[in-house]
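K.L.:
What follows is the residue order along each chain.
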Amino acid sequence: MTDFLLSIGYESWILHALIWGPLVAMIHVLASPEDRAKHIAFRWSLALLAVSLGLWWAFDPGSGGFTMTSSRPWISAWGVDYALGVDGISLFMILLTTFTTPIAILGSFEYIGKREKAFYALMLLLEMGVVGVFAATDVFLFYVFFELTLVPMYFIVGIWGGERRVYAAVKFFLYTALGSLLMLVAILYLYFQAGASSFSIAALLDAPLTLQEQLWLFAAFAIAFAIKVPVFPLHTWLPDAHVEAPTPGSVVLAAVLLKMGTYGFLRFLLPLFPEAAQHPTVVTVMMVLGVVGIIYAAWVAAVQPDAKKLVAYTSVAHMGFVVIGIFALTVNGIQGGLVVMISHGISTGALFLLLGMMYERRHTRLIEDFGGIGRVAPLFATAFVITALASIGLPGTSGFVGEFLALLGTFETHPTVAILASTGVIFAAYYMLPMVQRVLFNKLDKEENRSFADLSRREIWILAPLLALMIWIGTNPSPFLERMGPSVERVIERVQLSSQEARLEGIELPGPAAEPNPTPARTGGQ
Amino acid sequence: MLTEALFVSTLLFVIGSFGFVIRRNAIIMFLCIELQLNAVNLAFVAISRFVGIEGQLYVFFVMTVAAAEAAVGLAIIISIFRHYETVNVDNFNLLKW
Amino acid sequence: MTLFEPLTSMLQSGEAHFEPFLPGLILLLPLLGFVLNGFLALRSAAGSSRALREGGEWDPFKTEPRPATHTLPSLIGPGVMLGAFVLALINFFGAMGADLHDPVIRSYWSWIATDTLQIDAAIQLDPLSLVMMLVITGVGLLIHVFSVGYMRDDPGYPRYFAYLNLFVFFMLALVMGANYPVMFVGWEGVGLCSYLLIGFWFSDREKSDAGKKAFIVNRIGDFGFLLAMFYLFTAFGTLDFQPIMEGAPDQLTYGSGLVTTIALLFLLGAAGKSAQIPLYVWLPDAMAGPTPVSALIHAATMVTAGVYLVARSSVLFALSPVAQATVAGVGVVTALFAATIALKQYDIKKVLAYSTVSQLGYMFLGVGVGAYAAGVFHLVTHAFFKALLFLGSGAVIHSMHHALHHTHKDWDAQDMRNMGGLRRFMPITWATMWIATLAIAGVWPFAGFFSKDEIIWAAGAWAGAESNPYGGLYTVYWVLALTAALLTAFYMTRMMVMTFHGQNRTGESEAEHLHEAPRVMTVPLMILAVLSVFGGWINVPEDLSASFFGLFGALPMSEWLHHWLEPVIHSAAEIQTEHMGEISHHAPFGGGEVMWAAVSTVLALAVVLVSSRALGGRSVKVAVEDGEPTAGLGRILYNKWYVDELYDRIIVQPVLGLSRWCWRFVDSVLIDGTVNFVANFTRLTGWLSSLFQTGQVNLYAFVLALGALLVLGAAVF
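Quick note, the sequences are listed as chains A, P and Y, same order.
Under our numbering, the first residue of the first sequence carries the number 1, and numbering increases by one thereafter.
Under our numbering, the first residue of the second sequence carries the number 527, and numbering increases by one thereafter.
Under our numbering, the first residue of the third sequence carries the number 624, and numbering increases by one thereafter.
No lab work stands behind these hints: they were computed from the structure.
Do not rely on the hints blindly, as some may be mistaken.
Claimed, not checked - Partial pick of chain A residues on the chain Y-facing surface, computed with a CB cut under 10 Å:
#1 L23
#2 A202
#3 W237
#4 Y313
#5 V376
#6 L379
#7 A381
#8 T382
#9 V401
#10 A418
#11 P434
#12 N476
#13 P477
#14 E489
The model shown is predicted, which means the values in this text are computed figures rather than measured ones.
Every residue, glycine too, gets a C-beta built ideally from N, C-alpha and C.
Generate coordinates for the entire structure from the input sequences, incorporating the hints supplied.
P.N.:
Pasting the structure below:
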């Protein structure tokens, strides 16, 4: 397979194809008749998925750096390049995007009833933006794509959403735009400080920054990404956006858009500001926010009457595991965080699809309006239970591998945090099982639910790949882990190496053990 | 000589401005704009005598633009009149969103 | 004596190399059964759901012959179990006479591997896992066969077998896993199956509630298991059993905080799964599931996983005397506490449930006093007689249910007050259940006598160990254990008398329909009865075997289990001997093992005889006439010491309240309030400035002119 891919020059065109392919598809959709739009969009996204799968074989983890790189000047006056590349961290995010998009599109065939052409065009535009975010190796380009994703999502929520769609869309837009503006300022500062004539990540890595500067820039980046993740207490846009968004919007939002935040942590925060990322106060703050997110979101989820809002809150809890895993700065923690990201994309995406199917049938999202569905829709119930179990991290499903590794990695450096976060395992059962029970089990006592149709053929096709992936990653995650491993190690090396350099150069590294003016000999000897 | 010309020009411009601000009839407001334009034209011509030919050139530009503007503006006023049967601007606040 | 000679010699371990025979297939067969039965279940559920949607109810048994979805599982379910059992037997006998000091490990694929962590999907065959596999597949097979009769008329028949097969798969994974994470897969997997099977009749709110409760309480235990793994990983850099057990004595300090923490966290996990105080509350509720499920999962196998965990981690526990004392204490207190509750229960399954909790307490006491072989021994014998008791009660309920169903009487088919005199109708069930009752009561020569007596004896001997720092504490344990044994004999007799003896109280027209269970159900009962009699003979203590209790040496397998498990537990035993010294050969108040064995069996028998006479003469009112006890200790016991209510008050409600407060106040008011305030403030300033926007061109022009003047003015002056 790898040889075949090499022979067709796969490496040189795949990333470009995945970015511009959706745009071509979008134009095709716009130029086609209204009633054909969904089929055209679906076929295009499926083709893009098929093409992108080659990455699995073509990707060579190597030493963990970017591969398949390509770069050409874009705005040469400012040194902005159209530079793409992929490494073990972004590989799975790209695959997750191309995988989720056709499923989300297929999942919207029934749900989207108006302005179909525009909807599918926006979905494809979203795919382009997200792939761009994950493939860009130029910070400016990254920022452009980062902002680009806002636009389609804003319209998807605002036009096809539920009753309070405008409120949700505006909240989503303003919240995230606010964060990214902070990031833009930080990027520019970094650019000028580096004195480089390029916005590429590699060039910005060398920016000479004092710890003070690093902390401010870190904060600016961190807020932008933390809103996206979302980290407690910046999470309140998420439940609103999820509840109001149409099913495919929720799916993409949960599966990939949130990952842009944690991806940003890994790609930018840690390598660009290594000293700040190891600063005890910073680490404490991020860890505390992560743990609070896990427990708090689980509690709030448990008392939601609206099933979709419940699942939205569980996203906050899951992403909390990613946050603590990343800031633990251990290989296991970060790899676990990445697996949680993948697993959450799959299982929460599937949950939103299932909730969407419930909504299509009954036009309500309230848990209390259901009950006894397991009797009338056994296939639906089976899929629901498996997905719920994957979501709460039952061993043998993808959720467990991620949470286990993330917690283990956190435990290595921050045992207390890991212990507190592990209670999330209990609370996961506490929020998910009552929902499963009240929807699927209990008496079939509402007349409307008697006609609840079981999964159609199309719906089976939507869910089957997701379920298969949950089990596959749960039982054999090694192919994933070995592909992401070198890149993760590289990030950690970068962080630790630069802090060693900092020590050697006598730059003050405040910490419980550091003295006000450490002598090189003392700090170097540590 | 120049002082007088500029005085007349200023006077015309102020009359045009005041007229535009206080009158409510669209046609009169339109004429006030023309008055302002011509006040500027007068100033251009007067100054060009001392500075150079460019000022007179600008006058031709302004006249051309004014003619085009008159055509478009009057057409808009006529269509407004046809629609609302009045040209009193108090009745229109389309600019308010 | 010569009769047993070949058997005895065969059972000795020797020098030969042990080559396992298709060990992976033992796991795969139940999984295959799950897949096949699961497919059938979905097929049949599709039919029933279609009927429901069309407005009717579906009855798969209307069509003659039965649909394939309801006949094939009878073959597949027990069939795969038979296959697994045979394979387990082959491996077991293959392992006999072989050198088992190093476990045989089969690694299939690398499961979770990172730079610093390596977890394989690997299974391990050693004496302990082989014994467990035999119990699981053997007792499991019998229960599967029993289920064919018991669940015959249930519309969810294929789904039932799918879940049951899946359970066996996970249970085998639990005991066969070669490292803690694989064990954890089984650990949570059996919890899942337990959840699904307790809530098997999920349309019933109460039953699905019970399933949910079991899962959540178990997760509390799993939390402990998870943390223990983290601590182990940081200490050893691996989670495989073998390097940990070999390295622990050198790498961990005896009695250190670390090893105590690890052991106590494992105890939390074990207490969740094995229903010990404080996490026992889910097990009695778990009786909501079908009765064979209670027999398999909630008596014979899954709930003993905690005991298995402690035995598997014996080295870690041996290194921490505090943890051991805690394990033993939790065990013996649970044993006594649950026994008191069982005294006053009327639901036949509830009595058995509390009895199970109590017996599990004994096992914990056993492994807590370092008598790992005794704990595992009781696990095995308990699997026999408690499975028998549950299946017997299942036969009773089955019969009661049919009788009540015929006359449409809405009485509780499980309430013993509605039974009485069933001996006449169900002689086989009656006889087999009496055997199990004598076994659990600890009457010689039934299985329970040997195992329970060994545990109690070990507690006493441990109390007298040379340098045991907690000798006094263990003396108390020993006394409590003896007390609980007497209570056991009493409540079991009470159950038997109320169910089978005296006048029948079911009602005259109903009594006509009471009948003995079909052959498919009684045969497993009889086999289990045989095991309940002879099962104890595999490990007759040496001191006893020379006495009357061992028929003066005629019983064949003196301390066989102890020797068999020696490779697994020897290093724990060495650590104990090193630090605690030799254990005593006298009970705390004097007397040797034989004397105390005599005392306990005589006392147990006396309790059985006296109480059966006393209770037999008492007249019992049926449930509808006899409400619950309203006063005194009886009321407290009937209400299970109000523990559920207590937990609800101090844990469940506060967490729920806090959750609501987080949502209603923190999220909606505090955070969203701030966000919306910012938005509304912006909107307000925007609205204020929009007042200037009248839409009147004149005003705009005026402002424009004013602005131009200001700019000009600024430029000039």
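K.L.:
Tell me the hint numbers this structure goes against, listed in increasing order.
P.N.:
Hint check: 1 and 2 fail, others pass.
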